[in-house]
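Undergrad: Sequence:
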Amino acid sequence: MIIPKERTQSNADTFYMYNQVRKTDMVQDRVIYTDGHAITVTDSRFQVNKMEYNLNGITKYGLFVLKPRRLPGILMVIIGLVAMGAGMLGLVPPTIINDTIINDGLVSGNTIALIVGAIIAVLGVLLLGLIRQRYSVRIVTAEGEKDVVVSSRKEYIQQIVDAIASAFNYIRRNV
1 MIIPKERTQS
11 NADTFYMYNQ
21 VRKTDMVQDR
31 VIYTDGHAIT
41 VTDSRFQVNK
51 MEYNLNGITK
61 YGLFVLKPRR
71 LPGILMVIIG
81 LVAMGAGMLG
91 LVPPTIINDT
101 IINDGLVSGN
111 TIALIVGAII
121 AVLGVLLLGL
131 IRQRYSVRIV
141 TAEGEKDVVV
151 SSRKEYIQQI
161 VDAIASAFNY
171 IRRNV
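Position 85 of the sequence shown, counted from 1, bears residue number 85 in this note's numbering, the numbering being contiguous throughout.
Source of the hints: derived by calculation from the structure; they are not laboratory data.
In this text the structure is predicted, and so the values were computed from the model without any measurement.
Positions of the beta carbon are idealized from the N, C-alpha and C atoms, including for glycine.
Do not rely on the hints blindly, as some may be mistaken.
[Claimed, not checked] Restraint-style ranges between C-beta atoms, simulated for each label pair:
#1 Phe64 x Asp104: 55 to 63 Å
#2 Arg30 x Val65: 24 to 32 Å
#3 Val116 x Val65: 43 to 51 Å
#4 Val140 x Ile74: 26 to 34 Å
#5 Asn98 x Asn49: 38 to 46 Å
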């Protein structure tokens, strides 16, 4: 416990003194990996943003692949192809899509179905092409499984997993 020197000392001064004493009393952890921002792996802790995990509490860890959800893109492509096929075969009656005049020209419902179907199919293909596989550092603790770091860069996630493995090896050697 820290006792202030004077009774007129402010709370900010007391907080500053307390932190200074604690810093000198603490044993510094050996930093194994840091990305300079939010991720730090030491010989006893794994810190992500403001969450801190004690390595002794981590029972399992590894690189996990998060597969993208492709179903919406696949459905868009199928719906677009069906609409295009219906438009090409003339299966869209004028009661469903009315003929429309565009730029002094008559456009049938089948042509509109063909164009709209093509647009939906192209958007579905773009969606399928844009979604990528993501990778995560997955840890298992007493609280359950957590994906603590997620990135589209596999090398970055592999560096963190390797650093956690080095930290566990360091603990085993020094116990």
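Undergrad: Given the hint of 55 to 63 Å, check if Phe64 and Asp104 actually sit that far apart at their C-beta atoms.
TA: 59 Å, holds
Undergrad: Should the hint that Asn98 and Asn49 are 38 to 46 Å apart at their CB atoms be regarded as holding?
TA: 56 Å, violated
Undergrad: Using the beta carbons of Val140 and Ile74, state whether their distance is inside 26 to 34 Å or not.
TA: 32 Å, holds
Undergrad: Can you tell me whether the CB distance of Arg30 to Val65 sits inside 24 to 32 Å?
TA: Holds: the Cβ-Cβ distance is about 30 Å, inside 24 to 32 Å.
Undergrad: Mind checking the hinted window 43 to 51 Å against the Cβ distance between Val116 and Val65?
TA: 36 Å, violated
Figure legend: structure checked against the earlier numbered hints; hints not met, in rising order: 3 and 5.
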